[in-house]
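Peer 1: Sequence:
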Amino acid sequence: MVLLRMTWALAASILFLEVSTILAQHQIVCSGQAAGGYAAFPDVCRLPNGELFCVFYSGYGHVSTPSAKWPKGGRIMAVRSSDNGQSWSRPFVVIDTDQDDRDPSVASLKNGTLLLTKRGLGFAVGKESGSPGCSERTFGHTGSTGTLCWADRASETICVVLTSLPARAVQPHPSKLAAERVAAVSRH
Numbered sequence: 015m016v017l018l019r020m021t022w023a024l025a026a027s028i029l030f031l032e033v034s035t036i037l038a039q040h041q042i043v044c045s046g047q048a049a050g051g052y053a054a055f056p057d058v059c060r061l062p063n064g065e066l067f068c069v070f071y072s073g074y075g076h077v078s079t080p081s082a083k084w085p086k087g088g089r090i091m092a093v094r095s096s097d098n099g100q101s102w103s104r105p106f107v108v109i110d111t112d113q114d115d116r117d118p119s120v121a122s123l124k125n126g127t128l129l130l131t132k133r134g135l136g137f138a139v140g141k142e143s144g145s146p147g148c149s150e151r152t153f154g155h156t157g158s159t160g161t162l163c164w165a166d167r168a169s170e171t172i173c174v175v176l177t178s179l180p181a182r183a184v185q186p187h188p189s190k191l192a193a194e195r196v197a198a199v200s201r202h
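If you're matching positions, the sequence shown starts at 15 in the numbering used here and goes up one per residue.
Cβ-Cβ distance ranges computed for the label pairs, FRET-style: (1) A121 / R151: 17 to 23 Å; (2) Q100 / P180: 37 to 43 Å; (3) Q100 / E142: 29 to 35 Å; (4) L61 / A168: 33 to 39 Å; (5) P146 / P62: 37 to 43 Å; (6) G99 / P186: 38 to 44 Å; (7) R94 / T159: 32 to 38 Å.
Bear in mind the hints are in silico, worked out from the structure with no lab data behind them. By construction, the Cβ of each residue, glycine as well, lies at the ideal position given by its N, Cα and C atoms.
Can you make the complete structure from the sequences, with help from the hints?
Peer 2: Structural data, given as structure tokens:
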């Protein structure tokens, strides 16, 4: 019985240490009402002056269509840090149209211009971004609806599969099978 109590105490101590380690590696940049109640899809870049600029989706849920409390639906907000992420400014709105603005991407161009897109630059790069057999010169994107697109510059092949069948509905997903067939044909 004593051994069992010691085992549980040891397991609890290890669990506490693991949770403490995980929490120490992460920092909350913005949460709660300051973020609109729901914050997701962050992206960050370093500005020419050294500051970090972070953009994120803000709404009342994963999809925030217009409502009485949110007349325009979701929006894109931003925060800044001048101390390498140790502290952050209060969030401020950067895009707020009536289209449930989401999936922001931000980049600081060489000339100092700040490029901010919604539903934009979220492309993976490299052969993993396409289908088996694609080259390292491939870039693409997959969505939760099963939709996917990729372009392989080496074989000059573009594949776009549009579907409303959720990506997790069936495995292998028909869009994946179609894209693999396109990649196989483009190699020949």
